[in-house]
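Enquirer: Based on the sequences and whatever the hints tell you, model everything.
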Amino acid sequence: MLKDNKLSGSIPTELGNLKSLTNLAVNRNLLTGSIPVSFGDLTSLNSLYMHQNQLSGPIPIQLVILKSVIDLKLNKNQLSGSIPPEFGNSTQLQRLDLSSNRLTGQIPKEFGKMKRMLNLSLADNQLSGIIPPEIGSFELIEVLDLSTNRLNGSLPISIGQWEHIHYLNLSNNKLGEKIPSEIGKLVQLTKLDLSQNLLTDVIPTEVQGLQSLQKLDLSHNRLSGSIPNAFIRLPHGIDINLSYNELSGPVPQSPNFVNASIEGNPGVCGNITGVKLCADQMIKKKNNPSHHGVILVIIFPLIGAAVLLGLFTYGLIAYRQQKKRSPHKPLDEESRGYFSITSFDGGVVYDDILKATNDFDEACSIGTGGYGTVYKADIQPNNVVAVKKLHSSSSENVDHNGFLNEVRSLTNIRHRNIVKLYGYCSHRHHSFLIYEYLEKGSLGSILCNEILAKELDWLKRINIVMGIANGLAYMHHDCSPPIIHRDISISNILLDSDYEGHISDFGTSKLLKLDSSNWTAIAGTYGYIAPELAYTMVATEKCDVYSFGIVALEVIMGKHPGEISTLSADYLVLGNVGDSRIPLPSPQVEKQVDLVLSLSRACLSSNPNGRPTMRQVSNRLMKDLL
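In the UniProt record's numbering, the protein residues as written are 1 to 626.
Hints are computed from structural coordinates only; laboratory data are not their basis. Watch out, some of these pointers could steer you wrong.
Said to hold, decoys possible - Keeping only pairs whose Cα atoms sit at most 27 angstroms apart, straight-line, the calculated DSS-like set for lysine-lysine is:
hint : residue 1 : residue 2
1    : K276      : K215
2    : K215      : K185
3    : K19       : K3
4    : K6        : K19
5    : K73       : K623
6    : K73       : K109
7    : K376      : K454
8    : K591      : K460
9    : K174      : K109
10   : K109      : K6
11   : K67       : K113
12   : K67       : K19
13   : K376      : K355
14   : K6        : K73
15   : K109      : K185
16   : K3        : K113
17   : K174      : K191
Expert: See below:
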């Protein structure tokens with residue numbers, strides 16, 4: 001076992017001489033170069049774990065044809081080329097993970113020969129073509145992830161043969177035509193994600209056969225017709241997302257739709273958040289008016305009987321709140337009081353947030369930004385979130401009419417380099433957003449600390465820049481509609497325990513919809529704002545590109561670059577501007593840093609049209625770095 005040792009350099013070809021080697025784990029290191037062809041001589045090898053390195057080049061056929069391998073993990077590298085069809089000869093292979101590489105071409109039809117396959121992930125590559133029907137021969141498959149590729153065509157009807165599958169993710173591709181009725185035969189399926197595709201026609205009534213289902217995501221497709229009443233026959237507690245399709249008609253009367261995501265379907269009606277009321281429900285609403293002083297939308301997984309638990313807790317809390325109040329207060333004042341409840345790994349209520357932050361005490365604050373103050377909240381054992389309490393001037397400008405749909409849309413965004421937004425609460429005393437908590441805090445807090453900054457070696461800094469670029473490329477080019485951040489700075493880049501960069505505060509200015517009188521004052525941080533904003537007053541994707549250029553320079557320089565006009569292309573090399581707090585890198589890494597500097601300079605063009613797109617920046621970094 002050589003994993004997690006920060007090993008660097010290429011893999012010695014001499015390892016191929018270890019004929020009796022059965023298991024090799026070199027994952028989570030900094031290994032570069034290609035996979036040695038000599039690995040084809042490891043005829044006793046059962047498991048090979050090389051994931052989370054910086055390996056490049058094609059997958060050697062000599063490795064693929066080893067008939068003894070059961071587990072093979074090559075994910076999170078920079079492997080390129082096509083997937084060798086010789087994988088079909090690996091008849092003992094049970095677990096194969098090639099995700100998060102740069103693989104191109106089609107999924108080989110020869111995969112259908114791997115009869116023992118249990119877990120297959122090809123996600124996050126650049127694979128194209130159809131899903132070969134031959135993979136229906138995966139008689140034992142339990143997990144299949146082909147998400148985030150360029151796959152097209154239809155879903156093969158042969159998927160109905162997967163009797164044991166419990167996780168199926170085909171999201172973020174270009175799959176079209178209708179969902180085959182054979183989907184209902186997957187009786188063991190717990191999670192199904194077909195979102196971000198081009199699926200059409202109606203949702204098949206055969207979904208009622210998915211009796212083990214816990215999560216269903218069909219969002220961002222072109223599905224039409226009504227939501228079938230077959231959903232009523234599914235187990236309660238399913239997390240359902242049907243948003244942004246072309247569905248119509250009433251929402252089925254099922255507890256599963258109490259917290260379902262249905263927005264973005266103009267023809268749908270029902271008494272749930274994010275959609276309009278049906279005609280008969282509007283009549284009932286007029287005859288039974290209610291007053292609500294709090295809006296809470298937090299999208300967390302619901303399990304089992306969480307809906308019933310929520311209803312019970314609602315009555316209990318409301319009763320206790322009423323008991324605490326003076327009986328002499330009029331009812332309409334009472335109705336403006338507080339009530340909120342959500343579910344997060346077993347149930348979290350609004351009171352837990354207040355308790356965890358000591359009623360938003362300054363002592364619990366971990367940072368302050370243009371929109372509000374951030375608090376760390378331990379709301380349950382092993383459940384830590386970041387709570388951003390909005391400044392009163394910000395929350396007063398919230399447009400509540402469109403806010404619920406906007407929050408639900410943003411909570412659906414999932415990318416490894418974007419901080420997860422869990423939800424939002426609006427109350428007469430305070431409003432706050434709830435985000436994923438990241439251990440290392442902001443990039444800015446580390447760069448300005450003389451000790452912590454030394455922990456950011458050059459490879460970590462390159463990886464941070466790449467992560468920011470990938471996250472912005474996703475926001476600009478993979479979200480519909482595109483999301484403009486408007487405030488990219490080192491304060492809004494958070495780092496996890498592995499020092500990987502995550503974009504935070506995305507969509508905040510879009511959510512708050514602040515009025516134009518103070519828009520320019522807060523839609524960006526001084527020193528990071530694109531120059532054209534001073535006269536156009538309109539934020540575009542190219543404004544984010546400019547801000548990214550500043551941040552990328554700051555990561556390499558260890559400080560803000562200052563006046564951009566003084567940074568000529570000839571001067572902007574590592575030897576002149578690199579952070580002196582860390583040692584100079586090897587010549588190979590120095591070339592990579594200089595590429596980051598060159599791309600940063602291109603992003604800072606005074607002409608917005610002269611700047612590259614974030615997709616171009618991301619692709620160049622992924623192609624040429626590491």
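Enquirer: Could you run down the list of hints and mark each one as holding or not?
Expert: Here's how the hints hold up against the structure:
Between K276 and K215, the direct Cα distance comes to roughly 24 angstroms. Compliance with the 27 angstroms bound is thereby established for this hinted pair. Distance hint between K215 and K185 is fulfilled; the C-alpha atoms sit about 16 angstroms from each other, no more than 27 angstroms. The suggested pairing of K19 with K3 holds, with an alpha-carbon distance near 21 angstroms, which does not exceed 27 angstroms. Note on K6 and K19: the hinted pairing holds, with a Cα-Cα distance of about 26 angstroms set against a maximum of 27 angstroms.
Taking the CA atoms of K73 and K623, the gap is near 21 angstroms; set against the 27 angstroms cutoff, the hint holds. Using a Cα cut-off of 27 angstroms, the hinted pair K73 and K109 holds, with the two alpha carbons roughly 20 angstroms apart. At roughly 25 angstroms between alpha-carbon atoms, K376 and K454 fall within 27 angstroms of each other, so this suggested pair holds. Straight-line distance between C-alpha atoms of K591 and K460 comes to about 15 angstroms, which keeps the hinted pair within the 27 angstroms bound.
At most 27 angstroms may separate the alpha-carbon atoms for a hinted pair to count; K174 and K109 meet this at roughly 19 angstroms. Taking the CA atoms of K109 and K6, the gap is near 37 angstroms; set against the 27 angstroms cutoff, the hint is violated. Among the hinted pairs, K67 with K113 is consistent with the structure: their alpha-carbon atoms are about 13 angstroms apart, no more than 27 angstroms. At roughly 14 angstroms between alpha-carbon atoms, K67 and K19 fall within 27 angstroms of each other, so this suggested pair holds.
A hinted pair counts as satisfied when its Cα atoms are at most 27 angstroms apart, and K376 with K355 qualifies at roughly 11 angstroms. Between K6 and K73 the CA atoms are separated by roughly 18 angstroms; this keeps the pair inside 27 angstroms, and the hint holds. Using a Cα cut-off of 27 angstroms, the hinted pair K109 and K185 holds, with the two alpha carbons roughly 23 angstroms apart. This hinted pair does not check out: K3 and K113 have alpha carbons roughly 31 angstroms apart, beyond 27 angstroms.
For the proposed pair K174 and K191, the alpha carbon gap of about 20 angstroms is at most 27 angstroms, so the pair holds.
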